[in-house]
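If you read the protein sequences in the order shown, they are chains R and A. Position one of the first sequence corresponds to residue 32 (this note's numbering), numbered consecutively onward. Position one of the second sequence corresponds to residue 136 (this note's numbering), numbered consecutively onward.
Think of the hints as simulated: they come from the structure by calculation, not from any bench. We put the CB at the ideal spot given by N, CA and C, even for glycine. Honestly, I wouldn't trust all of these hints.
Said to hold, decoys possible - Which stretches of chain A does chain R cover? Using the computed rule of at least three CB atoms under 8 Å from a CB of chain R, they are:
{"#": "1", "stretch": "235 to 249"}
{"#": "2", "stretch": "255 to 261"}
{"#": "3", "stretch": "289 to 297"}
To be verified - Simulated pairs of lysine-lysine, DSBU-like, Cα-Cα distance not exceeding 30 Å:
{"#": "4", "chain 1": "A", "residue 1": "K187", "chain 2": "R", "residue 2": "K194"}
{"#": "5", "chain 1": "R", "residue 1": "K331", "chain 2": "R", "residue 2": "K187"}
{"#": "6", "chain 1": "R", "residue 1": "K34", "chain 2": "R", "residue 2": "K331"}
{"#": "7", "chain 1": "A", "residue 1": "K389", "chain 2": "A", "residue 2": "K361"}
{"#": "8", "chain 1": "R", "residue 1": "K197", "chain 2": "A", "residue 2": "K187"}
{"#": "9", "chain 1": "A", "residue 1": "K267", "chain 2": "R", "residue 2": "K197"}
{"#": "10", "chain 1": "A", "residue 1": "K160", "chain 2": "A", "residue 2": "K407"}
{"#": "11", "chain 1": "R", "residue 1": "K270", "chain 2": "R", "residue 2": "K194"}
{"#": "12", "chain 1": "A", "residue 1": "K400", "chain 2": "A", "residue 2": "K411"}
{"#": "13", "chain 1": "R", "residue 1": "K194", "chain 2": "A", "residue 2": "K267"}
{"#": "14", "chain 1": "R", "residue 1": "K187", "chain 2": "R", "residue 2": "K197"}
{"#": "15", "chain 1": "A", "residue 1": "K400", "chain 2": "A", "residue 2": "K160"}
To be verified - Partial list, derived from the structure: chain A residues whose beta carbon lies under 8 Å from chain R:
{"#": "16", "residue": "P192"}
{"#": "17", "residue": "L264"}
{"#": "18", "residue": "A265"}
{"#": "19", "residue": "G266"}
{"#": "20", "residue": "M268"}
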Amino acid sequence: MHKLPELKTTGNRIPNRQAICDTLMTAAYQDRSVIALCSDSRGSASMTPFFSACPGQSVEVGIAEQNLVSISAGLAKCGKRPYTFSPACFLSTRSYEQAKIDCAYSDTNVKLIGISGGVSYGALGMSHHSAQDIAVMSAIPNMRVYLPSDRHQTKKLIEALLKDEKCAYVRVGRNPVEDIYSEENCPFEMDRAVILADDDNYDAAIIACGEMVRPAVEAARQLKADGISAAVVDMFCVKPIDREAVLTVTSQAKLLVTVEEHSPFGGLGSMVSQIVAAVCPKRVINLALPDAPVITGSSKEVFDTYGLNAEGIAGTVKRFLK
Amino acid sequence: MTNRELTVLAYELREKTVDVITGAKAGHIGGDMSVMDILVMLYFRHMNISPKNMNDPDRDRFVLSKGHSVESYYTVLAEKGFFDYETYRDSFSRYGSEFIGHPHNTIPGVEMNSGSLGHGLPVCVGMALAGKMDEAPYRVYTVMGDGELAEGSVWEGVMAAGHYRLDNLCAVVDRNGLQISGATEDVMSQEPLRTRFESFGWHVVDCAGNDMDALDAAFTEAKAEKGQPTVVIAHTVKGCGSPVMENRAPWHHKVPNAEETTQIKHDLEEKKEVVKHA
Numbered sequence: 032m033h034k035l036p037e038l039k040t041t042g043n044r045i046p047n048r049q050a051i052c053d054t055l056m057t058a059a060y061q062d063r064s065v066i067a068l069c070s071d072s073r074g075s076a077s078m079t080p081f082f083s084a085c086p087g088q089s090v091e092v093g094i095a096e097q098n099l100v101s102i103s104a105g106l107a108k109c110g111k112r113p114y115t116f117s118p119a120c121f122l123s124t125r126s127y128e129q130a131k132i133d134c135a136y137s138d139t140n141v142k143l144i145g146i147s148g149g150v151s152y153g154a155l156g157m158s159h160h161s162a163q164d165i166a167v168m169s170a171i172p173n174m175r176v177y178l179p180s181d182r183h184q185t186k187k188l189i190e191a192l193l194k195d196e197k198c199a200y201v202r203v204g205r206n207p208v209e210d211i212y213s214e215e216n217c218p219f220e221m222d223r224a225v226i227l228a229d230d231d232n233y234d235a236a237i238i239a240c241g242e243m244v245r246p247a248v249e250a251a252r253q254l255k256a257d258g259i260s261a262a263v264v265d266m267f268c269v270k271p272i273d274r275e276a277v278l279t280v281t282s283q284a285k286l287l288v289t290v291e292e293h294s295p296f297g298g299l300g301s302m303v304s305q306i307v308a309a310v311c312p313k314r315v316i317n318l319a320l321p322d323a324p325v326i327t328g329s330s331k332e333v334f335d336t337y338g339l340n341a342e343g344i345a346g347t348v349k350r351f352l353k
Numbered sequence: 136m137t138n139r140e141l142t143v144l145a146y147e148l149r150e151k152t153v154d155v156i157t158g159a160k161a162g163h164i165g166g167d168m169s170v171m172d173i174l175v176m177l178y179f180r181h182m183n184i185s186p187k188n189m190n191d192p193d194r195d196r197f198v199l200s201k202g203h204s205v206e207s208y209y210t211v212l213a214e215k216g217f218f219d220y221e222t223y224r225d226s227f228s229r230y231g232s233e234f235i236g237h238p239h240n241t242i243p244g245v246e247m248n249s250g251s252l253g254h255g256l257p258v259c260v261g262m263a264l265a266g267k268m269d270e271a272p273y274r275v276y277t278v279m280g281d282g283e284l285a286e287g288s289v290w291e292g293v294m295a296a297g298h299y300r301l302d303n304l305c306a307v308v309d310r311n312g313l314q315i316s317g318a319t320e321d322v323m324s325q326e327p328l329r330t331r332f333e334s335f336g337w338h339v340v341d342c343a344g345n346d347m348d349a350l351d352a353a354f355t356e357a358k359a360e361k362g363q364p365t366v367v368i369a370h371t372v373k374g375c376g377s378p379v380m381e382n383r384a385p386w387h388h389k390v391p392n393a394e395e396t397t398q399i400k401h402d403l404e405e406k407k408e409v410v411k412h413a
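In isolation and in its complexed conformation, chain R is listed as follows (with noise of 0.2 Å):
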């Protein structure tokens, strides 16, 4: 367990996929087998500098999203360590079955890295969303799932998948994210959860993953003001789920709350619950993007107008603690 961060708003915000490019720039120096693809996304994937910086160790296979990720696992055959961008509505769907059949089913060490997740496009609609793919990515045997929340984190889960062998689907967002771990203290163990909590009493727990993260901190330091103790699970590691931290906050709090940027089917909802009603029964409620085409709207006015923010999580946790 850590200390509730004090949060700041650093004015050093970049998004997530800025922090991956700089993370596989460094590895790519030292290690020709590191590969970056694009689908004509290089731009949107901040992976421009590391296309310019290392042009023999980068592909662009034009819009193409099923050999985009078909290739990958042909090189990965081949020894190389291949990351792999593009929207995650388009890799976690048009090129869902490349997934499972050339990376998770035949073991390649491709990591697949879908950029402007969830209603990071906003305003253009259901076709650029992906408020599916955790759940459609979680259901591939041999497939690992991961939304880090900041930048620290990010930096730090690419520096672990860079050391193992096996295939993983990461989001991110498109948007900057404020920090919520800092260089120096970003607490950080591959599949395991961050358990936030400033004492062990708390009344409630938040469990959140990717970019509601942050409005789940705010919401636990708002509630703190009010009097109420809850602790926030940062589950990067959507799949494998960190079953014990899930398991630790059941015991002791009266409430779950989980908060997500997805469909509320399938995703880190659902696992919680599974988990939560097959051991130790205890209310847990999922926040998430409604089972409809969201409201048209940037992503920060989608957040607010499903509750997927500080004020809309302190409220539910508010509600259902009576």
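Position chain A relative to chain R; hints supplied.
Below, chain A alone, put in the same frame as chain R:
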């Protein structure tokens, strides 16, 4: 081995493949028979792949994109010494078997899992790209069915291979002209196939696909081609080896009954003897 000896071997392996299918009461016999000469020519003449070099990064790579021809593929791998034929024959498609009904890379000799069509060529593009990056000497081969060419992902791979001028890549089309519902040209026409590949920047070799001399020449020509990938359009006969099956679409995945099996094996044996003593 001479081309004539390879032809004899292909007939022997067809017989063994029939035994696998009748034992398991499952398989895709028509395509198994049409593709056999291609597999034998690749594994016993042109490809640098054996049980001894599977950890060598410079070995050639092979992906059976038309994964439903797994029975003939596994029979060839067994003949190459990757695993025991009898074990494979007696467990194929049975409960709990490692030898499932499509290629699986827990089986020695298999690089990639396949079964869903349209994956092999794009994967091989990645393998060939890796070879170019490493300036490695290996070549990459894939065999596709002709019905498979209706998959859009095939053409994404064709486009990329042409774009990157992957002359270390050789694709083979088992052009037997039939798929499960009937003639390819009735289901979804493939012609003019040569022109289609050429327009994507490929070198195209048309050859008789159940003729070892023609296949040998085609793969030799592919190796010599520089600056572009090669596709060998191998004009084959579905069910090749027995008039019981030849050119009949229902034999895509029909399991022969006892009487048919006797006739098919008789026909294969007879053809083998004719080649042997020609």
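Have a go at the P192(A) hint: is there a Cβ in chain R nearer than 8 Å to its own Cβ? Hint on P192(A): holds, closest Cβ of chain R at ~6 Å, below 8 Å.
CA of K400(A) to CA of K160(A), is that 30 Å or under? Holds - the C-alpha atoms of K160(A) and K400(A) are around 16 Å apart, at most 30 Å.
Against chain R, run the beta carbon of G266(A) and see if the smallest gap drops under 8 Å. Status holds, d = 7 Å.
Would you check the hint for K389(A) and K361(A), treating anything up to 30 Å between C-alpha atoms as holding? violated, 41 Å
Is K197(R) within 30 Å of K187(A), Cα to Cα? It holds: about 26 Å lies between the C-alpha atoms, which stays within 30 Å.
Is the straight-line distance between the alpha-carbon of K194(R) and that of K267(A) 30 Å or less? Given that 30 Å is the threshold and the Cα spacing comes to 25 Å, the pair holds.
Okay, the stretch 255 to 261 of chain A and chain R, do three or more residues pass the C-beta test at under 8 Å? holds (count 5)
Straight-line alpha-carbon gap K187(A) to K194(R), limit 30 Å: holds, 29 Å
Are the Cα atoms of K331(R) and K187(R) separated by 30 Å or less? Satisfied, since the Cα-Cα distance of roughly 26 Å is no more than 30 Å.
With the threshold set at 30 Å, check whether the alpha-carbon distance from K187(R) to K197(R) stays at or below it. holds, 17 Å
Take the shortest C-beta to C-beta distance between L264(A) and chain R; is it under 8 Å? At about 6 Å, which falls below the 8 Å cut-off, the nearest Cβ of chain R leaves the hint on L264(A) intact, so it holds.
Do three or more residues of the stretch 235 to 249 of chain A come closer than 8 Å to chain R, measuring C-beta to C-beta? holds (count 5)
Figure legend: structure checked against the earlier numbered hints; the only hint not met is number 7.
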